[in-house]
Structure formats: C-alpha cells, structure tokens
Amino acid sequence: MSKHTILKITGLDLDIGDKSILRDINLTVHAGTVHAIVGESGSGKSMTALATMRLLPNGAKPSGEIQFQGRNLLEASEPDMCVLRGDDIGMVFQEPMTALNPVKTIGEQVAEGIRWHEGASRMDANDRARRLLDRVGLPEKKFALTRYPHELSGGQRQRVVIAIACALKPKLLIADEPTTALDVVLQKQILDLLRSLVEEDGMGLILISHDLGVVADMADNITVLRNGLIQESGKAVDVLHYQSHRYTRQLAEASTHVPAWANRKAASGETPLLVLDKATKDYPGRRTGLFSKSAPFRAVDAVSFSVTAGRSVGLVGRSGCGKSTLARMILALDQPTSGAISLHGIDTATARGPQMESLRRDMQVVFQDPYGSFNPRRTVEWIISEPLHTLPDAPSRLERRERVLEALHEVGMTKDALSRYPHEFSGGQRQRLAIARAIITRPKLIVADEPVSALDVSIRAQILDLFATLNDHLKIAFLFITHDLAVARAITHEVMVMDEGKIVEHGPAGEVLRHPETAAARALVDAAPDLQRTIATRLAAAN
Amino acid sequence: MSDANLLATEHDDFAQLVRRALRNRSFLVGLCITLAIVAIALVSFVWTPYDVTKLVISDRLKAPSLDHWFGTDHFGRDIVSMIMEGARNSIAVAFVAVAIGIIIGVPVGCLAAAKQGIIDEALMRGSDIIFAFPALLSAVMITAIFGPGALNAIIAIGIFNIPVFARVARGAALSIWPREFILAARASGKTDARITLEHVLPNIANLLLVQGTIQFSLGILAEAGLSYVGLGAQPPNPSWGRMLSEAQTMIAIAPQMAIAPGVAIIVTVLGLNLLGDGLRDVLDPKLRGDR
Amino acid sequence: MLAYAARRLTAVLITLLAASLIVFAVLQIVPGDPARLMLGINATQDAVENLRQQLRLDDPLHIRYLTWLADMARGDFGNSYTYSVPVRELINERIMVSVPLALMALFLSTCVAIPVGIFTASRHGTATDTATMAVTQFGIAIPNFWFALLLVYIFAITLRWVPAGGFPGWQAGAGPAVQSLILPSIALALPQAAILSRITRSALLDTLREDYIRTARAKGLPAGRVLWHHALRNALIPVLTILGLQFAFLLAGTIIIENVFYLPGLGRLVFQAIQQLDLIVVQSVVTLLVAAVITVNFLVDLAYAWADPRLRSQKR
Chain A
1 MSKHTILKIT GLDLDIGDKS ILRDINLTVH AGTVHAIVGE SGSGKSMTAL ATMRLLPNGA
61 KPSGEIQFQG RNLLEASEPD MCVLRGDDIG MVFQEPMTAL NPVKTIGEQV AEGIRWHEGA
121 SRMDANDRAR RLLDRVGLPE KKFALTRYPH ELSGGQRQRV VIAIACALKP KLLIADEPTT
181 ALDVVLQKQI LDLLRSLVEE DGMGLILISH DLGVVADMAD NITVLRNGLI QESGKAVDVL
241 HYQSHRYTRQ LAEASTHVPA WANRKAASGE TPLLVLDKAT KDYPGRRTGL FSKSAPFRAV
301 DAVSFSVTAG RSVGLVGRSG CGKSTLARMI LALDQPTSGA ISLHGIDTAT ARGPQMESLR
361 RDMQVVFQDP YGSFNPRRTV EWIISEPLHT LPDAPSRLER RERVLEALHE VGMTKDALSR
421 YPHEFSGGQR QRLAIARAII TRPKLIVADE PVSALDVSIR AQILDLFATL NDHLKIAFLF
481 ITHDLAVARA ITHEVMVMDE GKIVEHGPAG EVLRHPETAA ARALVDAAPD LQRTIATRLA
541 AAN
Chain B
1001 MSDANLLATE HDDFAQLVRR ALRNRSFLVG LCITLAIVAI ALVSFVWTPY DVTKLVISDR
1061 LKAPSLDHWF GTDHFGRDIV SMIMEGARNS IAVAFVAVAI GIIIGVPVGC LAAAKQGIID
1121 EALMRGSDII FAFPALLSAV MITAIFGPGA LNAIIAIGIF NIPVFARVAR GAALSIWPRE
1181 FILAARASGK TDARITLEHV LPNIANLLLV QGTIQFSLGI LAEAGLSYVG LGAQPPNPSW
1241 GRMLSEAQTM IAIAPQMAIA PGVAIIVTVL GLNLLGDGLR DVLDPKLRGD R
Chain C
2001 MLAYAARRLT AVLITLLAAS LIVFAVLQIV PGDPARLMLG INATQDAVEN LRQQLRLDDP
2061 LHIRYLTWLA DMARGDFGNS YTYSVPVREL INERIMVSVP LALMALFLST CVAIPVGIFT
2121 ASRHGTATDT ATMAVTQFGI AIPNFWFALL LVYIFAITLR WVPAGGFPGW QAGAGPAVQS
2181 LILPSIALAL PQAAILSRIT RSALLDTLRE DYIRTARAKG LPAGRVLWHH ALRNALIPVL
2241 TILGLQFAFL LAGTIIIENV FYLPGLGRLV FQAIQQLDLI VVQSVVTLLV AAVITVNFLV
2301 DLAYAWADPR LRSQKR
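Protein chains in written order, with my numbering: chain A, 1 to 543; chain B, 1001 to 1291; chain C, 2001 to 2316.
Simulated from the structure, these hints should not be mistaken for lab results. Take these hints with a grain of salt, some might be off.
Unchecked claim - Simulated pairs of lysine to aspartate or glutamate, DMTMM-like, Cα-Cα distance not exceeding 20 Å:
1. A:K104 to C:D2211
2. B:K1115 to A:D334
3. A:K104 to C:D2308
4. A:K104 to C:D2206
5. A:K104 to C:E2210
6. A:K8 to A:D24
Quick caveat, the model's predicted, so the values are computed rather than measured.
Given the sequences, and given the hints that come with them, work out the whole structure.
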C-alpha cells in the first residue's frame, strides 16, 4: 500500500467572529488510509473538514497551512478550489435526506460533476454515472438515472451522495458523520462501501465521527478533538487500546458505560402492568388515482407482549420497523386497528374520563430530542407540572411547586431552574427536565423513545445512570425504544427485537444480545459497532 | 419564505426583545410613522385646522401656503384637514378588516390543523373558494345590492383577510403539531383545544402579528382603491382614495391636489411595511438582514 | 402527473361550482323585488313583469340557479337590461381590453422582477442590494392608480407624448391599441414587480442555505452555476405561488386602472352596471372574473408540479 502523504494540515487556527473554533490543528492523511477525527459536539471536527474544502460559513477566518498536492489550500483562489472540489477532493455530509437537490434526478446530479470537470458529453457522463451508481450498490433495475431523490430512502440517498463525491476518483474523500442519521445495519453497509472505495481506489479518507466503535473498526489513524484542541493522535489501534490520554479513556468508558443498577438482577414480577394482545396498526393506502387506493400498510403486525411492574424492557429494531408507531399506540396517542392494549387491565382504546386520566397518570413519556420536547415559551415549572392536570383534584399552586421541586431533586437539578426557560439549559440538562416531567405523576411505566441517542457519549452515560437510579428508587417500569444495542445492554432486563412490524425475538437482554436467533436480530447485533470487540480483533490480526 | 423560522424560536426575555427592537432601524422608523399616523387620526376627532364639511368656494384650488399647507381642493376645503380625517377612515377600515380576518381566520386555521383529515380538507377548500374573490369583486357585489358605503369596504377586505389568516395559522400550526412537546401534552391527556391555546397559539403568535401588519398595509391600499372607484367611503366623509379620484378630474389645472393623498397613502403603507419587516427581525434575529 | 392534474381539475370544478353558487346567492339577497330595484320606482307594472319573466324570478331558487348555470355553460349570459344587448356581446368586446392589459402587466412585472431578484440575491449584502431593496419597499407602498395619475400627468399632460386615456379599438390596428395600453400596464406592473422581486430574492436566499447547495459546491461548481442550476428552480416554487396570487390582484387592479385611463374594459362595464343597477351584467362579470382567478390558480398548481417532482408523484 502506498503511503505517500496527500493532505497535511499544520497549525490550523480558526475563528468565527470573536470565537475561537480551532487551535493549532495538525494532521496528516496518507493515500489508501482512513484518518478518523473523533470528538463530541462543538469539538470543531466538522469545521476542520469544511476548512479543508474551503466551504466555511461567512465570517470564518482560518489561518495556518493546509497542504494538498503541493499547495496551501488556504491561499488558493476560489476558481482554483472549484477545480479541486469534486475532482480531487470529495465530501459526504451527515444528513442524506437534505443533501440532494429535490428537483433534479439522481443521474443528473451524479453526472453533473463529471461533465463540469471533464467536459464529458451528456451520454458519456450518463454512462459513467450509471456505472458509479452500480458500484455504490444502486443497480439499474431499481435505481434508474431518472429517479428523483424523494423516491429513495435515507441509506440509498447517502449512496448517491457518495457516488457524487467519488465520481472522479478523488485523492481525498471527507465523510462528515456519514452514518449518524442511519440505523446500525445501514451504517455498516455504508461504512463497508467507504472502506472498499479506499482499498480499491487508494484514496485517503477523513472520517469524522462521534462514535468510537465506528472509528475503531474503520480507522488507521485517529485524531481526538475537544473544544477545538487536539487531545491525542496516533495509530487507531494504539490510541484506542492503550487509552493513555485521559480524555480518550473518558470517551471510551462513557461509550460502553453500564450503570450501577441494584435492580438489574431482579426477577420478573408477577403482576403484568402493560399487556399487548395482537396489537395491529394499519395505515390506509395512499391514493393512486381518482378512485383507487394502494393496499393499506401494516406498520405494526399482531404484537403481543407484557411488561411486569418495575421491569425495564428494551424494544430494538431498524428504523421503519414500526417501533415508534407501537410506542404511540401504547401511549394512547394512536388507536390500534385491531387487538388490545391495556395498562392495569384498563383498555387504552376505550378508556374515558377518570379512567383515562388514571391511565395517563400511570404512563409517561420521554422523547429523543431534548430541544424539541419543550414548549420554548413556557417556564420549566410550567412544563414539568403539565402532567399534573390529570390528577383528580387540581393541586394548589404551592402543592404544584412542591411536587415540581421534588421531581427536579430526583433528577439531580436544583430549584433555581424553576423560572427559567428550556433554552437556558444544555442538552443533557434538558433530558433531565424531560425525565422530571415524566416522573412527576409517579407513573408506573415510562415509555422512552430513543432517550439518549441525541446526546454526547459522556452525557449519555449520566442519563443512563439516572434511569437506573429511578428504576431502583421509584420502581418505575421502562419501555426503552432504541436502535442502539449498547443502550439496551446497559439498562434493560429484557429485550424485544422488532422487524417489519412484528416482534421476532423476545428474551433476557444478555441472552438475546449475545446469541441472537433470528436473522433480523443477528443483523442488528452484527452491525452494531463494539469498541472492545473490534480492538481485540484488530490486535489479534496485527499479531 | 422561511417563515417557519418565526415559529417556536427560543423564548426571549422581554428586555432582550426591547434591546433588539431599539437597534433595528426599520422597526423604529416603521413604528414612529405608524404611531404618527394613528396620532393624526385621533387628533382629527377633536381638532382639524379647518372644518372639512364647510365648502368655501372663494378659497377653491389655492396653492400651498402658510394658511393651507397643501392648498385647497375644488370646493375650497383645506387638504391638510381632509388628509387628517381621511387617515381616520383608512385606519378604521384596515383595522376592522384585519380584526375580522384574525377573529374568524385564525380559529378556522387552528381547527383545520388540529383536526386534520376531512375537516381540514373542507375548511381549506372553503378558504380556496373565498380566496377567489378579490376584495374588489366582493365590494362590487355588495355595492350592487346595498349601494355604496364605507361598510362595504370593511366587509369586502375583511372577507378576503379570512382565508389569508386561516392559511397562515394552519400552515404555522401544522409545523407545531408534530413537535414533541405537543406529543408530551397529548400523552398527559390534554384536549386538542387546550393544546391549541396553551402550546400552539403562543408559538404562532409572532407569525400572526407580522401577517397582521402586512394585511393592515394591504388593507390601507385596498381601501384607497375601493374608495377611488366609489365603492368605499361616501361624501362628505373624506377618504384618501376619493380625494384622488376628485383630484383626477382636476389633474390638468391643479396637480397638487393629487400629491398630498398619494403621499399620505405611500407613507402609511411604507411605515407599516417597515414595521412588519422590523418586527420579523426583532422576533426572530436569525433572519436579520436577509429580507 | 396526469393523475395529479386530473385530481386538481376535479377540485377546480368543485371550487368553480361553489363560487358560482356564492355569486348567485349573494345577488339573490337583494332587498325587495330585484326587477323593481333594477327598473326603478317609476317603471310600469308591465315592464317589471316583463323583467321578472326574463329573470325567471317566479321559478324556485334552485331551478333558477341550475338554469343560470346551464345557460352560462352554453355561453348565454342573458341580456343586459340597460344596453338591451346580450351580455355576452358586451363582455366579448370589453374583454379584448382587460385581458391584454392584464397580460401585458404580468409580462412586464415578471420580466423586471425575476432578474432583479436574482441580481440582488447574488449580490446579497452589498450596497446595490440594499439600495434596490429600498426602492422595492417604495414600489410596494405606491397605489397603482396614484402612480397611473402621475404617469398621465407627466407623459400625457406635461410632455404630451401619449393621449391621456381612451382606447382606439383593435380594428384601427394593433399599434395604436397597444400604445394606449402601455401607460396603464406600467402603472399596474410597478407594485407587482416590487413585491415579486422581493419574493424572488428571499426565496433564492433561503434556497441557497439548503444542504444540497453545499453538496453542489462540494462538486466543484462555482457559486454562479450553483445559483442558476440548483437554487433557481427550487426558489421558483414559492415565486409561482405569489404569481398566482398576484393574478387576482392584477385583475382587481385592471378594473381600477381602466377608470384612470378611461379604457372600455370589464372594469368600466361593471361600474356602469352598478350605477345603473344592471344586476345581470354585474353577476356575469363577477362570475367570469372569479372563474379566471380559479383557473389561473389551477395553472399555477400545474406549474408547481412541473417545478417540483415530489408533487408529481405525490399520491395523496
């Protein structure tokens, strides 16, 4: 494998306005290797990439040197950069859903760069676009050049973006969190694709990620960033195996954190709390003509299970498998088409009045997005006390405040939060507030829909600890909906695997995650990045 | 138009808002002009330089002077006094028309967004139908039946405002409804009506306020147009549009008659538009300088 | 695409029916006897009876509505009481003034506004941008009929380049006819152009912030090409909406502007009809104009589907 240097960043500083974003960044990328840049949000990892592409936001002032093919990119003119971008340097972005122009066909978008850089004829460019799409796994039969982006799923769109970026066999490819928006199975496919491109074309890849597991599997070299400063850099295996730098160790520990959880060994209780009996949800087919409709879509297919009091149950599955629809039905936000869901023996579909109120009291919810789950125009006190209106007797102002304070205390926050607004808190604090809102009615069950997947790993570890504590102290049962097996492993007693609307596997968490039996469960487990296992395999291979 | 950015942006302290408002030139200029026009309209209730109901033929078609700042019309009426009273008429018509639009349109829009499905479809098709009647056509029909009058202008413009506000409110509310804090409120058992009041309305209020300012300025223009063609305010009540239609007959000999009412309309509409743009920026700083 | 068009067409037909019902209903709530109202109190009982016959006032409401619809579908709008000619003839004659005027104004404003919008968006934040936006701010605030008066005063009265108003008719040749429509169409186009250029600019600026613009830039396309090839077609979608809405305002504006220039168009016709209480003419012209607004919005919907492939395949 040729090891010549293709990109060398020396002493890169970056300021936006008065804010310092990057300080003294140095890194070198060799041909045919993968260089990972790892860091939590705000570490400046994306900005390093954008500085290399010279696509920084207005007002950004970079200084230092970015050597590429014998020239300093920071001094190159805009026309010179246009010649380089898309030809010698390609870039793949995080969000595949918005990265493609909705009004142009995928063929046009892939061929455009080829025609622009090489002056190829339309036919010739289309031919090459066709071959590229084949190569990224979008065969002609299903993905003609004339398809539009909206007809493709997220993973397929990301393949198109990769085809665009690699159209002219760039020497350097920059991938900024290319799989963060995708589920683990798709993530593995996209990473495999990127790796094959690196191996076959000998290009250098800068892989930007927050996920050490992903990086451990992919990277030859690694640079760990925090607040715009390099913490550590070196060979990926060494950095991740020895974890000699404190921050690296911290990240590694947080990403595999398993909370101390007294209740972990608790045996399954006797009384079923939540019972689903062949719960099914059909969505009406889309209208295809004036009078015709396509067949209804079955999002949830005859799902039956029960959750006993105080148990923590994980519901894992790929995106689109129906787990969120199931959650909405359990929360009585959506009616099942057939089958029954009951809590304490009260049927959620038919409960009315006081029965419904008691149902609502006993069942609360925590969402994924700590930014979207609060009304931005209400104070924390108002937000947290919102579920209290299900109480049969409206509590007085004083009682309300007492209960809010109690809930805040429970999640580790203080009373000065009361009169503040959600935007004054960080993501982790907001997730604590969301949990405070969920426990204020002393519920028996909390449905948590991807409660930690939007959080940085260190914050994620703290929130998982909090869930464990709540289960120990308040004996609340949890239904964790997640695509992240590490979360399921850390905080559940039982795991259910969902695939295409059905529960395909259900058993003790350790069992299911170690020895999956069905294909769907195996695909999930195999695709899930696992830091320790990967490092061990790589070390073994090296020796 | 990324009006969605006005929705449910982070909450700002009042003090922060005021600080931003004081730094925003178009907001300040717009606010000053708007307040000045409203003040002039209010003053005209108790005092005008001359009595506009009195015709002084000896003073007809005077050029601007110290006695008559903008001169006099063909009946010898003082143009400044007529502009002052005309402001009253313009503002009243535009204001009531906006109020009609908000009072009927916003609940309709919110209901459509909350209920979705067939109710939504029906309400929006209804608003499409009303949308096909520009204020002028409604005014033509109303006048054909009931004869001309200032009330016609109010009703015609107000009716047109209903679907405008219904659509804006619906569009904005639709982008609020899927938000997780709404799901949380629903999971805690709140009714759609209560969620609309407690969660949706506070988050779309900014957008409605800005739209209100825009419709207000459009209302001033529409009223002027209607009274210019004789479908609005009737003599002897002065109105800017009718002053212009009277000026038209005199344009060859007394062009100054057309200047003052035209400038009054332009300044008022300009002031309101600046106020609207300024408000948008003040309420959502992310958009600053992009409009 | 065809399915989409068919679905929209059904909706349009329903809207048209509902709108005609509204026009019909509104003009039925005339206080007292419509025939008496139209003819005045001095008319003889015979004349009133005659008109009642002609208006089929003795038939039940729904029958009258359906006959009216059927007649209109055949192109029979009834007879004008004041002109004693079929309303259809009146409209045919007048429409040859109003429609060319509206089209000229639409053409003018689009030709000016879209380039201005693109130009200012591509020079976002410069002095040219700021100055142009200040001018459009004024353009929006100027009432078109006042601007028309100004034009008349400058070009007709002071400079005497063009006649102050009137219309020579098409039979005298296209030249003089078009000439007499120039000032009115400029007066109509100005405020529309101001609004449209602002919308074009802000739609483009919004589009330029999208992720796919970054993808296009990462392909190595220069900023200019990205604007023309990637941003413009996406930005056209909101611009089309406004174009559709503007047509309604343009029609209303045409009616008002015809009064400034003494043009014998639909506007003059309808105002004379109001003064003479010729309800048949009012009803016909209003229905026609409302139908025009609905039809234009239908065309805009189709243009939407052309601009946005997501809509074309939308199955809802």
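Numbers of the earlier hints that this structure fails to satisfy, in rising order: As far as the earlier hints go, not one is violated by this structure.
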